[in-house]
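Peer 1: Read off the chains here:
There are 4 protein chains.
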Amino acid sequence: MKKINVAIIGASGYTGLELIKILIQHPHFNITYIATTEGGTKASELHPALLGVFEQEVFKADAKEVAQKAELAFLALPHKAAMGFAKELLGLHVKVVDLSADYRLELEAYEKHYCEHEDKEHLKEAVYGLPEINTEKIKKARLVANPGCYPTASILGILPFLAYLNKEAPIFIDAKSGVSGAGKKPSTTAHFVSINENIFAYNPLKHRHEPEIAEKLRLFSGHNFEVNFVPHLLPVSRGMLISSYVQTTEMIDAKAVLTVFYAQSPFVRIRENPVDIKSTAGTNFCDIFVSQKGKSIFISSSIDNLLRGASSQAVVNANLMCGLDERTGIPIIAYVP
Amino acid sequence: MKKINVAIIGASGYTGLELIKILIQHPHFNITYIATTEGGTKASELHPALLGVFEQEVFKADAKEVAQKAELAFLALPHKAAMGFAKELLGLHVKVVDLSADYRLELEAYEKHYCEHEDKEHLKEAVYGLPEINTEKIKKARLVANPGCYPTASILGILPFLAYLNKEAPIFIDAKSGVSGAGKKPSTTAHFVSINENIFAYNPLKHRHEPEIAEKLRLFSGHNFEVNFVPHLLPVSRGMLISSYVQTTEMIDAKAVLTVFYAQSPFVRIRENPVDIKSTAGTNFCDIFVSQKGKSIFISSSIDNLLRGASSQAVVNANLMCGLDERTGIPIIAYVP
Amino acid sequence: MKKINVAIIGASGYTGLELIKILIQHPHFNITYIATTEGGTKASELHPALLGVFEQEVFKADAKEVAQKAELAFLALPHKAAMGFAKELLGLHVKVVDLSADYRLELEAYEKHYCEHEDKEHLKEAVYGLPEINTEKIKKARLVANPGCYPTASILGILPFLAYLNKEAPIFIDAKSGVSGAGKKPSTTAHFVSINENIFAYNPLKHRHEPEIAEKLRLFSGHNFEVNFVPHLLPVSRGMLISSYVQTTEMIDAKAVLTVFYAQSPFVRIRENPVDIKSTAGTNFCDIFVSQKGKSIFISSSIDNLLRGASSQAVVNANLMCGLDERTGIPIIAYVP
Amino acid sequence: MKKINVAIIGASGYTGLELIKILIQHPHFNITYIATTEGGTKASELHPALLGVFEQEVFKADAKEVAQKAELAFLALPHKAAMGFAKELLGLHVKVVDLSADYRLELEAYEKHYCEHEDKEHLKEAVYGLPEINTEKIKKARLVANPGCYPTASILGILPFLAYLNKEAPIFIDAKSGVSGAGKKPSTTAHFVSINENIFAYNPLKHRHEPEIAEKLRLFSGHNFEVNFVPHLLPVSRGMLISSYVQTTEMIDAKAVLTVFYAQSPFVRIRENPVDIKSTAGTNFCDIFVSQKGKSIFISSSIDNLLRGASSQAVVNANLMCGLDERTGIPIIAYVP
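Residue numbers (this note's numbering), protein chains in the order written: chain U, 1 to 337; chain B, 1001 to 1337; chain D, 2001 to 2337; chain W, 3001 to 3337.
It cannot be assumed that every hint is accurate.
[As the list claims (entries may be wrong)] Pairwise CB distance ranges (calculated):
| no. | chain 1 | residue 1 | chain 2 | residue 2 | range |
| --- | --- | --- | --- | --- | --- |
| 1 | D | E2272 | U | E226 | 51 to 57 Å |
| 2 | D | T2188 | U | G222 | 54 to 60 Å |
| 3 | U | E272 | D | S2221 | 26 to 32 Å |
| 4 | W | E3226 | D | S2221 | 21 to 27 Å |
| 5 | W | K3060 | D | K2255 | 17 to 23 Å |
| 6 | D | S2221 | U | G39 | 23 to 29 Å |
| 7 | W | L3219 | B | T1135 | 57 to 63 Å |
| 8 | W | K3002 | B | E1125 | 56 to 62 Å |
| 9 | D | S2221 | W | K3293 | 42 to 48 Å |
| 10 | W | Y3202 | D | K2185 | 30 to 36 Å |
| 11 | W | Q3264 | D | K2293 | 56 to 62 Å |
| 12 | U | E45 | D | K2064 | 42 to 48 Å |
| 13 | D | K2064 | W | Y3202 | 53 to 59 Å |
| 14 | U | E272 | D | E2272 | 46 to 52 Å |
Just so you know, these hints were derived from the structure itself, not from any lab. All residues carry an ideal CB built from backbone N, CA and C; glycine is no exception.
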């Protein structure tokens, strides 16, 4: 089969590195262009672990060059920077998987929680890249908004139960993330001594992934649930655990509901025991466990925040957009132990 | 002031060590007897960090010897073993602070969740040793049941809001504990490789601290709230963070409610920012932060699971039982950084 | 190309898991038999992360069944158990890569440091499976003794300098290992609370890998160097860093010596900056850095203790024994970040 | 006894916090002045763990104010800033314990490894504050240079053996430090993801503590030993382990030498088993273990890098300078577990 040329824009961060790691082992994608905002370096200088493995030159990001070299581009840029670049690429007929928040939300919500939107036109056609839900739309999309890490794991856990939920009751989501989710930039918060032997909530009830979760649950269910989302930082590099607390109107068999819902989903695993983050770290899996007491349901979902929460999900989306089987080249073997 | 002689029964575990650490610096208590189930060793052999600091002999636990040497005994024994020993000590007129679960619950609840109770007589007089609530009762008690670690932090967080809560809505408690809470005994769960870079729930909706929390909230409020409690194990040695999610009937000023409630409590600190576990590790403090969105309230409370969750709270109780100021000799300086 | 059938004996530990992870992605090896001492389970029960990925049945180890199903067997058994099984397999014409210590040492040294040898006959033909040195011998071997983790990283670091070393001066090796090197079995030492926020030497100057290192350095150099080896346990799951301190007779250009020595070695990377363990974790690489001050040389080498120190090196050996390119199916992309 | 007023200059970092923690519990010292470079804050804002414990105002550092309020000042400032301030304080008859490197080295060595010295006059009278060696000098000093963390643990380990060492053989020191030693300032190196699950050497054979160790060993022994020092960063917040490798001319009983040497030292503990860093974390102890093989000696020494390596050693020095018993108010109870 002919190789499909792809570009990575924004290669210096953790998600850029994960994209490189997946794509150099992918049987059908071929990385023909890598860029950062500054350029003038090599992949193995940005990421020393790549020495002797992948030493490709890294350019200053240029949309026209992308268009000459690749059919599809992964954007691992900060929000705002991403939409500027995506707009240009789409105009040059390059497909885009955007890992930023720029095309995830409806216009009003986006502008409320982020900034003015600079590519309203393409925003309308963007498809929310959660493959379990939007497979068919993703296949036809030329612009996919890759979901946030917290929304991916939260939505996958809650989705099967939406039809059974008490519409008056709020949904509580207690999220725990590894520090890589906060990016590579040094900060007091990310300092080893701040994180090690510690845990704390941040932006409780105010994190920008809360409206993303709420919007998607509303779009999927037709009901505007109250979503209360509290993220915590864990003394862990990689991994994300979501504990969701919901209430149903009637007694249900929660395990059966979950199992049926994901019977055809290759990247969701239903667990008999509470999930951990080590069993998904390194993979695109979302592991889910459910427990119940009367009408109160506890859902525990686990993903790798950099893979299922970003880069491997992006490649699943790219697979679908390019007519490949969604599983092609997607990591499924965990880093454990 | 005359020294008060005290005994530690069950000195080999983490809470035994913490009792030693506090009591050797306490201005009025004097450790005159230390015991384990086996005896025949020294404190600095059980806990090598005590070499050159505290090398007292450790005996095979014997109630009569305790009675000869001490006025008050701390029992850091497993449940069931504790009540056998407490019964004997009380008969010999020794005051008891029991760190196990044996005297925490009403009879029926205890026997449902633990085992048959072997000291029903004293169970009736036991006082639940949460000093913020039961100060006066503790002062007169000769048997105090030291609260569990999860209940301590959960109850202290939720208590101020009980009067405002929607009685139909369940309370959700998402708890995170350091591994020392699971004890010193080697196990697959406590293996470094199982815990490091990992997090997972255990006994979700089934942990034995759930009925303890529910019972105390009922006794304090007069209403039988539905309590859903899910503990998680953190890759951390020491510390506990409790995220509680509750709903009020009316809009309240949660911060003000909290501040007023604890205005006179020397060991509760109200925080402007989300609490972390490092700021309480090494101390008897319970730090509490509250955030709200409409009628949904997020309460974040942090304690040192071995101190406020066990040993330092036990010494506060002992202080009260012996007519001392509750703050005497209680650690308030955190281990941070 | 035709698939080569292989067996894994001893699949329950960490190295067994790593063998499975490599072999299910290997383009030419086909796992046809997996066993433990007890059998009667599935791979995904032994290692829950394999759920949905690899669920093959796990048998009670039986040499005859191995011989029917596989051409080559990986033995991930404890020493002593390994030689019993290897002897039987070799008699049935199955090639063996033994990950235990049983065939690593000369007879006398083995019996001094381990136990009586029960397969003296095959010991004579066993090849020490350090591919950088013994490539040609490994290609012809039917029994390869996979090196220990500490010896692999220590020898690879020191080897290039042997010809230049002061024969009167001792070699000092300060080794640091992740806890997975100590195995999966619960113990006080491996308890999270013992390891976390801690570091300590163990078996200093007495570890059984010391004679292995000394013997191999003697065999390669013809001189019996004094080797002083001190291993430490790190609060890390995976990874190994070796700091070797040696003295040369003359001033040399240490970096140049190193670079020339490994010019043709695909799995050794020479680093400009001190090596870390994250850049090799997940790979078969040995990264080496060297620094010098006069005739004193500091060599820092890093490997993944479970891969280059065990399972991936075992598969490199199997590749060579089966006529494949040594790089076939060997992991080179690190787990970082 | 009358309280002695002391000042802390440089209260924002980790060592400043540790000074506060020790001094607020000290029976004879009274903190009357706290300052940072910027001032205008409170101790509990710099260090939130101090909320409700110690809320003293923090001023912009001013030498005249110090002189009015305190007899002795602890300087926890960066090198260069420290000597400017110390000079002024000494002129105002304030005793100084300087935690920086400014008065630790002889002039030539200082200027080679740091910068031009701006207080050459006082440099001559400064006493190196290692109490095990310089007790009498410290008692009479008005300026004490508090030793570096690595030198403290290295020198204490090697000192007892100096008389027995082979003068031709280099000393190798393999040091491992918790990240707090690198300070509070955010950096790529100190980022949680860089440190966690990792270890690496830094500045091997080039660290500025190497000449400090070499100079002190020369001054104590009269011989200029070759010292090769390689520090490593550990995934640990607090603690330091030093592995020293030395060679003697004759066979000695290393354990006996060590034991005799420190028979009168209240803050050195000789261990039967390899030392760990948890048993000294939180204390002023230096724990030492020694092992030998012929004339090769392995010395393992452990300290708390922030306490024995900085702040508690500074208070021991202040005790001596003020005529107090050196043990007064010095922490000896470890943070373990």
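Peer 1: Where does the structure disagree with the numbered hints, that is, which hint numbers, in rising order?
Peer 2: 3, 5, 6, 8, 9, 11, 12
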